[in-house]
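Colleague: Residue numbers (my numbering), protein chains in the order written: chain G, 4 to 454; chain X, 99 to 187.
Do not rely on the hints blindly, as some may be mistaken.
[Claimed, not checked] Below, a list of computed lysine-lysine pairs in the DSS-like style, where the Cα atoms sit at most 27 Å apart:
| # | chain 1 | residue 1 | chain 2 | residue 2 |
| --- | --- | --- | --- | --- |
| 1 | G | LYS68 | X | LYS163 |
| 2 | G | LYS68 | X | LYS164 |
| 3 | X | LYS108 | G | LYS232 |
Calculated from the structure, these hints are not laboratory results. No experiment lies behind these values; they were computed from the predicted model shown.
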Amino acid sequence: MINTRDILETINMIQEENLDIRTITMGISLLDCADSDIDKSCSKIYDKICKKAEKLVKTGEDIEKEYGIPIINKRISVTPIAMVSAASGGDPVKYAKILDKAAKTVGVNFLGGYSALVQKGFAAGDERLIRSIPEALAETDRICSSVNIGSTKAGINMDAVRLMGQIVKESAEKTRDKGLVGPSKLVVFCNAPDDNPFMAGAFHGAGEPDCVINVGVSGPGVVRAAVSKIPDADITEVADTVKKTAFKITRMGQLVAKEASKRLGVPFGIVDLSLAPTPAVGDSVAHILEEMGLEQCGACGTTACLALLNDAVKKGGVMASSHVGGLSGAFIPVSEDAGMIDAARNQVLSIEKLEAMTAVCSVGLDMIAIPGDTPAEVIAAIIADEAAIGMVNSKTTAVRVIPAIGKKDGEEIEFGGLFGVSPIMKVNTASPAKFISRGGRIPAPLQSLKN
Amino acid sequence: MKGIITVIGKDKVGILAQISGICAEYGVNVVEVTQSILQDMFCMIMLIDIEKANIPFTEFAEKAKKMGEEHCLTVHVMHEDVFNSMHRI
Chain G
4 MINTRDILET
14 INMIQEENLD
24 IRTITMGISL
34 LDCADSDIDK
44 SCSKIYDKIC
54 KKAEKLVKTG
64 EDIEKEYGIP
74 IINKRISVTP
84 IAMVSAASGG
94 DPVKYAKILD
104 KAAKTVGVNF
114 LGGYSALVQK
124 GFAAGDERLI
134 RSIPEALAET
144 DRICSSVNIG
154 STKAGINMDA
164 VRLMGQIVKE
174 SAEKTRDKGL
184 VGPSKLVVFC
194 NAPDDNPFMA
204 GAFHGAGEPD
214 CVINVGVSGP
224 GVVRAAVSKI
234 PDADITEVAD
244 TVKKTAFKIT
254 RMGQLVAKEA
264 SKRLGVPFGI
274 VDLSLAPTPA
284 VGDSVAHILE
294 EMGLEQCGAC
304 GTTACLALLN
314 DAVKKGGVMA
324 SSHVGGLSGA
334 FIPVSEDAGM
344 IDAARNQVLS
354 IEKLEAMTAV
364 CSVGLDMIAI
374 PGDTPAEVIA
384 AIIADEAAIG
394 MVNSKTTAVR
404 VIPAIGKKDG
414 EEIEFGGLFG
424 VSPIMKVNTA
434 SPAKFISRGG
444 RIPAPLQSLK
454 N
Chain X
99 MKGIITVIGK
109 DKVGILAQIS
119 GICAEYGVNV
129 VEVTQSILQD
139 MFCMIMLIDI
149 EKANIPFTEF
159 AEKAKKMGEE
169 HCLTVHVMHE
179 DVFNSMHRI
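Please model the complete structure; the sequences and the hints are all you need to start from.
Modeller: What follows is the structure, encoded as C-alpha cells:
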C-alpha cells in the first residue's frame with residue numbers, strides 16, 4: 004500500500020490547499036457545419052455540440068465523485084466562428100446566440116470560440132465578426148470571445164489592434180448595466196494557442212482533430228504551502244520544491260484527462276500546466292511570490308520570482324503528462340487573485356510592473372480594471388505593447404482589460420464569483436493616438452541575433 | 099477496483115468498528131489497515147476492494163463521509179488511482 008504520509012499529503016492538498024482540476028474543456032470542430040445558408044449552419048452547429056458534449060458535464064461530475072478531486076468547470080471550445088461565418092455571411096450574432104443556447108442545453112458554464120484570427124489581415128467574415136463582438140457578448144450569457152492580432156511569424160496587425168481598442172471599450176459600454184461582463188469575456192491575443200482549455204481565450208484551432216479533451220490543472224495553494232514549509236531554503240531548493248509539487252499536481256490532471264477521454268470516447272489532447280488562481284483565500288499566485296520572500300507582489304524582484312516559478316512549474320509538469328500544451332504557465336489575473344488585489348489596492352503593483360511580469364509568464368495583462376474614460380487608442384496601445392512582448396519572445400501574450408465605465412482610478416468594481424473584485428488601476432494616458440491611427444502591420448521579428 | 103478510506107479525528111472507542119461495520123454492510127472488503135495516533139488525533143488508512151460492493155462506489159463514499167460527520171470524524175473515500183498516479187512514476 005502507498006505510505007501513510009503520501010496519502011495524507013494528497014488529502015491535505017485537496018482539502019486544505021485548494022487543489023483542483025480547473026477545467027475539462029471539450030474542443031469541437033465546427034468546420035463541417037459551415038453552410039452557405041446561415042440558418043442551416045446554425046442548426047448544424049447546435050446539433051453537433053449537443054451530440055458531442057451531451058455527456059460532458061455528467062462525466063465530469065462522475066469522475067469528480069469517484070476520484071474525490073474537485074473538477075470546477077466543464078467547458079467547450081469551438082472553431083473560431085469567423086471561419087464558419089465566412090462561408091455563410093449574415094449577422095454573426097446569430098451564431099453567438101445559437102452557441103449560447105447549445106451551451107445551456109449541455110450545461111457547460113462557458114463556451115469559447117467567438118473568435119477571429121487576424122494576425123496578418125482580415126479574411127472574409129473576420130472584420131464583421133470582430134465588430135459584432137460587443138453585441139454578441141451583451142446578448143449572450145456563456146459565450147467567450149478572443150481575437151488573435153499578432154504572432155511571431157506574422158508580426159502585428161495594427162489595423163486590428165486599433166479596432167480592438169474600440170471593441171473593448173464598446174463592449175464595456177454595452178454591458179455597463181450587467182457588471183461589465185463584456186470585456187471580462189474578451190481576450191486579445193498574440194500567438195494564441197490552438198488547444199487552450201482556459202476561458203475566456205479558448206478556441207479550437209484549425210489544425211485540431213474533430214473533437215478532443217483538454218484539461219487545465221490548477222493549484223497555486225498547493226505550491227504556496229510547499230514553499231512555506233522551507234522558509235530558510237536557498238532559491239535552488241525553492242525551484243526544486245516547486246518542480247516536485249507541479250509534478251504531483253499535473254499527475255492529477257493527466258489522470259482526469261485520460262479518464263475523461265476514455266469515458267467520453269474522445270481523444271485526449273493536452274494537459275495545460277497553468278497555475279490558475281481564484282479569489283478564494285489560499286489560492287493566489289501572488290502569495291507564492293510573497294512566500295518566496297517579497298513583502299508584497301509588485302516589489303522589485305517580482306519578475307525574477309515569477310520567472311523562477313513559471314519555469315519550475317513547466318519542468319515539473321512536462322514530466323508528469325504525456326502531452327502538454329495550451330498556455331502552460333502561471334496566470335496573473337489581477338481581479339481573480341487575492342494577493343494581486345491587495346497589492347493593487349496598496350499601489351505596490353502597477354500596470355507597468357504587470358507588463359514586465361507578462362514577459363516571463365503565461366498570458367498577459369489579465370482581468371485588470373482601468374478607468375472608464377481611458378481612450379480607445381490607449382487601450383489599443385496597451386494591446387500593441389503586450390503583443391510586441393509576445394511577438395519578440397515567441398510566447399503567448401494577451402490583454403483582457405475592463406474599462407470601468409463611470410469610475411476612476413482608486414475606486415473598485417466587483418465582478419462576483421470567479422471573476423473577483425478589482426481596484427481600478429492607473430493608466431498612463433499620454434496619447435499614443437497618432438501611432439495607433441497609422442494602421443498597417445508591424446513586420447515579423449528577426450529570430451536570430453537575439454539580444 | 100480498489101479504494102482508500104482515510105479517517106482522521108479525535109481518538110475514541112469504536113472508530114474501527116464503525117468504519118469496518120459500514121464496509122461489511124455494503125459488501126466492501128477491507129484488504130489492509132494501518133492506523134496511528136498522531137498526538138491525540140486518530141488517523142486510520144484502509145485499503146478496500148469494492149468489486150463485490152452492493153452499492154455504487156460514489157454512493158458508498160457519500161455514506162461513509164456522512165457517517166464520519168455524525169461521529170465528528172473526517173472520512174474520505176477515494177479511488178486508489180489518485181494516490182498511485184500522484185506518488186508513483
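Colleague: Does X/LYS164 sit within 27 Å of G/LYS68, going by the straight-line distance between their CA atoms?
Modeller: OK: G/LYS68 and X/LYS164 at ~14 Å, within 27 Å.
Colleague: Take a quick look at whether X/LYS108 and G/LYS232 sit within 27 Å of each other, Cα to Cα.
Modeller: 25 Å, holds
Colleague: Between G/LYS68 and X/LYS163, does the CA-CA distance stay at or below 27 Å?
Modeller: 12 Å, holds
Checked against the numbered hints given earlier, this structure breaks none of them.
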